[in-house]
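Chains as they are written, first to last, in the numbering used here: chain A, 458 to 569; chain B, 23 to 138.
Keep in mind that a hint or two might mislead.
Taking CB as the label site, the calculated pair distances span [claimed, not checked]:
1) B:42 to A:469: 37 to 45 Å
2) A:496 to B:29: 17 to 25 Å
3) B:136 to A:477: 29 to 37 Å
4) B:32 to A:467: 20 to 28 Å
5) A:474 to B:27: 16 to 24 Å
6) B:23 to A:496: 17 to 25 Å
7) A:508 to B:83: 27 to 35 Å
8) B:87 to A:513: 36 to 44 Å
9) B:51 to A:508: 21 to 29 Å
10) A:514 to B:88: 37 to 45 Å
11) A:485 to B:32: 20 to 28 Å
12) B:138 to A:551: 42 to 50 Å
13) A:462 to B:29: 29 to 37 Å
Listed below are the simulated SDA-like cross-link pairs for lysine to any residue, each with C-alpha atoms no more than 20 Å apart in a straight line [what the hints assert, rightly or not]:
14) A:550 to B:53
15) A:524 to A:484
16) A:460 to A:551
17) A:460 to A:488
18) A:556 to B:33
19) B:79 to A:484
20) A:556 to B:95
21) A:502 to B:124
22) A:460 to A:508
23) A:499 to B:46
24) A:502 to A:567
25) A:556 to A:477
26) A:556 to B:124
27) A:561 to A:477
28) A:550 to B:46
29) A:502 to B:67
30) A:502 to B:51
Simulated coverage check for chain A against chain B, where a stretch passes if three residues somewhere in it have a Cβ under 8 Å from a Cβ of chain B [to be verified]:
31) 497-506
32) 527-540
If you're looking for bench data, these hints aren't it; they were derived computationally from the structure. Every residue gets a Cβ at the ideal spot worked out from N, C-alpha and C, and that includes glycine.
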Amino acid sequence: QQKVQQSPESLIVPEGGMASLNCTSSDRNVDYFWWYRQHSGKSPKMLMSIFSNGEKEEGRFTVHLNKASLHTSLHIRDSQPSDSALYLCAASKVTNAYKVIFGKGTHLHVLP
Amino acid sequence: GALVYQYPRRTICKSGTSMRMECQAVGFQATSVAWYRQSPQKTFELIALSTVNSAIKYEQNFTQEKFPISHPNLSFSSMTVLNAYLEDRGLYLCGAREGPANTEVFFGKGTRLTVV
Numbered sequence: 458q459q460k461v462q463q464s465p466e467s468l469i470v471p472e473g474g475m476a477s478l479n480c481t482s483s484d485r486n487v488d489y490f491w492w493y494r495q496h497s498g499k500s501p502k503m504l505m506s507i508f509s510n511g512e513k514e515e516g517r518f519t520v521h522l523n524k525a526s527l528h529t530s531l532h533i534r535d536s537q538p539s540d541s542a543l544y545l546c547a548a549s550k551v552t553n554a555y556k557v558i559f560g561k562g563t564h565l566h567v568l569p
Numbered sequence: 023g024a025l026v027y028q029y030p031r032r033t034i035c036k037s038g039t040s041m042r043m044e045c046q047a048v049g050f051q052a053t054s055v056a057w058y059r060q061s062p063q064k065t066f067e068l069i070a071l072s073t074v075n076s077a078i079k080y081e082q083n084f085t086q087e088k089f090p091i092s093h094p095n096l097s098f099s100s101m102t103v104l105n106a107y108l109e110d111r112g113l114y115l116c117g118a119r120e121g122p123a124n125t126e127v128f129f130g131k132g133t134r135l136t137v138v
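One chain only, chain A, in its complex shape (with noise of 0.2 Å):
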């Protein structure tokens, strides 16, 4: 049973505007969300962190995090072609620490 789920599958964005992607936990347990990006042919990286309830912003990235309905949320504005990856949303809990459990992903294209 996959327990961090990601919508849309895929999604595609022209160049200069606005990503929105979702992630939610099933497991009411989860402490810490992740963002990581898949560069075609590469390894997952962090992205982004978010620990406790509201916004946080990093260049055009903002990532918002609610953690009663344990949904995060990722905005890319000024989207840009180099934007286009897979974005994985990852969580863990202070519980287990060391198992991070990762989505199946959403597949960002920004059309030039």
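Following the hints, position chain B against chain A.
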């Protein structure tokens, strides 16, 4: 910086044979190493988690008999795919962390397994 070297990058093995893949952590201590399989059908699956000084924990549908893992020190881990068949095809990734909970996972570049 923290890096994880994984090798081989690609391997082809005959159905029923076995292959081993290895990961080396550089620049940090790999207190825990998780092995994942990424496939078109099931995307990102956790196979097992190895933490130094603890037993290796396998996820449902994965066993030590099929995917034996070694994690002898804070910089090295290996996993073998025994008796590989078509359904074992995919990209195998090792992800290592230095600390628990709120620390980043560093991934190797993956080993792509093709079974013929």
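Numbers of the earlier hints that this structure fails to satisfy, in rising order
5, 11, 18, 25, 28, 32
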